[in-house]
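There are 2 protein chains.
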Amino acid sequence: MRKRLSVEDYTAGILAGDRIMLSQAITVTESSLPADKELAAAILKKMLPRSGNALRIGITGIPGVGKSTFIESFGTYLTSLGKQVAVLAVDPSSQKSRGSILGDKTRMERLSLNPKAYIRPSATGLFLGGIARSTREIMLLCEAAGFDIILIETVGVGQSETLVKGITDFFLLLMLAGAGDELQGIKKGIMEMADAIAINKADGNNEQAAALAVSAYQNALHLFPKADSGFATEVLTCSALRENGMETIWKLIQNFEQTTRANGFFDQNRQNQNLNWMHDRIRQSLENRFFNDPMIKTRLAALENAVREGRELPDSAAEDLLRVFLTK
Amino acid sequence: MRKRLSVEDYTAGILAGDRIMLSQAITVTESSLPADKELAAAILKKMLPRSGNALRIGITGIPGVGKSTFIESFGTYLTSLGKQVAVLAVDPSSQKSRGSILGDKTRMERLSLNPKAYIRPSATGLFLGGIARSTREIMLLCEAAGFDIILIETVGVGQSETLVKGITDFFLLLMLAGAGDELQGIKKGIMEMADAIAINKADGNNEQAAALAVSAYQNALHLFPKADSGFATEVLTCSALRENGMETIWKLIQNFEQTTRANGFFDQNRQNQNLNWMHDRIRQSLENRFFNDPMIKTRLAALENAVREGRELPDSAAEDLLRVFLTK
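One line per chain: the protein sequences are A and B, in this order.
Just so we're aligned: 282 in this note's numbering is position 282 of the first sequence, and the numbers increase by one with no gaps anywhere.
Just so we're aligned: 290 in this note's numbering is position 290 of the second sequence, and the numbers increase by one with no gaps anywhere.
Worth flagging that the hints you see were computed from the coordinates, not collected in a lab.
Keep in mind that a hint or two might mislead.
The list treats identical chains as one, so a pair stands whether inside a single copy or across any two.
As the list claims (entries may be wrong) - Within a straight-line C-alpha distance of at most 27 Å, the following computed BS3-like cross-link-like pairs (lysine-lysine) qualify:
no.: 1; residue 1: K37; residue 2: K226
no.: 2; residue 1: K116; residue 2: K251
no.: 3; residue 1: K37; residue 2: K116
no.: 4; residue 1: K165; residue 2: K226
no.: 5; residue 1: K83; residue 2: K116
no.: 6; residue 1: K297; residue 2: K45
no.: 7; residue 1: K83; residue 2: K297
no.: 8; residue 1: K116; residue 2: K45
In this text, all values refer to a predicted model and were calculated from it rather than measured experimentally.
For reference, chain A alone in the conformation it holds in the complex (with noise of 0.2 Å):
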């Protein structure tokens, strides 16, 4: 059995940046027991006013492109520039697989050895809600044990990407040369999430097929209104293999970081990140509790067959669950 500590040696730990005790507390956020929910609760109150200080990335493409590779180099780049840099994953694929993306940490075999940097691997069990809150539960606790920057990774299919852009300041979408084909994997819409694109594997036979890709995308993100944090997505190249293209991926960032910092768009997209993130809380919590009703569960196929098949309006339909949950 997993000894449980105190919430003030928790948060102790964590505040002197005691990586066990962080890691440890992390352990209790990704619980679902009753105790543990309720002492996670407890030390991400106490952690709250000390988090926020930290740049958060967010990091998506298609499995292939070369993320792992792209944080491994990105990532030791930034602590050559002393940062203390810590990875995380919203991957709800690996639920399937039973291990994560970054569960197997040899694939950041230098990353993880290096004492600048801390590696989580992506909780297992959780639906993909669940992931990205103790995601974020997670991000604040890194942030109160002294991290400066948080590198969340996610892969470039399903919901995981708005749920990661809705809880980052920076989100870069990696990409590989040949526009087209192996595009298909992109979500719809997931381009004009991103604040910047890097086409990866620019490198040998690669690099003129990356040099084409760029102008294409340059081409396809001026069709597209300009983001509201006032910052044309950028396109560039990159190596993460070769390890180029690092610093001036940095230099962009810090130039995004600049530009919202100044025009207060940094300061606003987190007041309505927080403010999005309780909205939707409500929102999932009260369609929870509706869907998993006893006397709702029974009639929902029934009714949800007949208005599928355009027998019962949609509308009546809602009316009458609605009547029932409320009136009980």
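Dock chain B against the given chain A, drawing on the hints supplied.
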């Protein structure tokens, strides 16, 4: 005072294709009086089995793109093929001006006099969700009245396209040549909602620019994955003013219908739309009840401020409010 008829009077009139009866039933549907709501629900319930036989086409584009002229031209073309055409609108902006984009029927002078066409201005005084809801219901009534094609016009800003996309079979985006600047008003992601893009005003000096725009958009679309329909988004030109391109667009839409009926997407999409509509309605009603609850109202503002400024965790604020709401 408007005289209220019986459910049987309305439904018999609608099924006989009586335009005056249809218009009166629509007015009942748009009403917010409790007695009218009950009557409207009864009419709709009766008409539901007779609805669903029209092709539902959504048409969007920024103000100035020529939507009214397009609908006048395209609608007239469709009636020349013997089709009965109903024109509806989802236009939240009309609420502010207390006018409607379709209210001024002189903007569609020819079509409004055409016996095979029926133009219904959008309701005013409703919130966007309410407009969409009544538009969906009006569409069902028009189908029961025997219309073959429903054209639903919406403006290219805000959430109205998502709503129209959610009730139509085919979604047409009208654009102008000169890619870039004039797109500022187009909502992010809307290009990816479109089943086809028509560059309007491709006439006179503008023809060359329109051709250039076609290839620019085609290139941009290549970067995106194929739609769920299995139908690749096409880009073409038209001149609604000169009535050029109407046949091409109609052939494209017929091709879309054939393809998606054959691959099963057409029916599947309508079933999903019905189900999504029901679920959206449940969500909206739950949220409305929550945020309009007097106990929630007294607590919300202070908690929102605390969350926005990072003094309170979004998750615990949400939990606190839900406890208040559900344990009354």
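Against the structure, the hints:
Taking the shortest alpha-carbon separations for K37 and K226, neither the intra-copy value of 41 Å nor the inter-copy value of 43 Å comes in at or below 27 Å. In this assembly of identical chains, the alpha carbons of K116 and K251 lie at most 27 Å apart only when taken from the same copy (20 Å versus 62 Å across copies). For the homomeric pair K37 and K116, neither the shortest alpha-carbon distance inside one copy (29 Å) nor that between copies (65 Å) is at most 27 Å. In this homomeric assembly, K165 and K226 come within 27 Å of each other (Cα to Cα) both inside a single copy, at 17 Å, and across copies, at 24 Å.
For the identical chains of this complex, K83 and K116 are intra-copy neighbours only, at 7 Å inside a copy versus 71 Å across copies, given an alpha-carbon limit of 27 Å. For a Cα distance limit of 27 Å, the shortest separation of K297 from K45 across copies, 24 Å, qualifies, whereas the shortest one inside one copy, 35 Å, does not. In this assembly of identical chains, K83 and K297 lie within 27 Å of each other by CA distance neither inside one copy nor across copies; the values are 51 Å within and 44 Å between. Taking CA atoms no more than 27 Å apart as the test, K116 paired with K45 passes inside one copy only; the shortest distance there is 26 Å, against 66 Å between copies.
Hint check: violations occur at hints 1, 3, 7; the rest are consistent with the structure.
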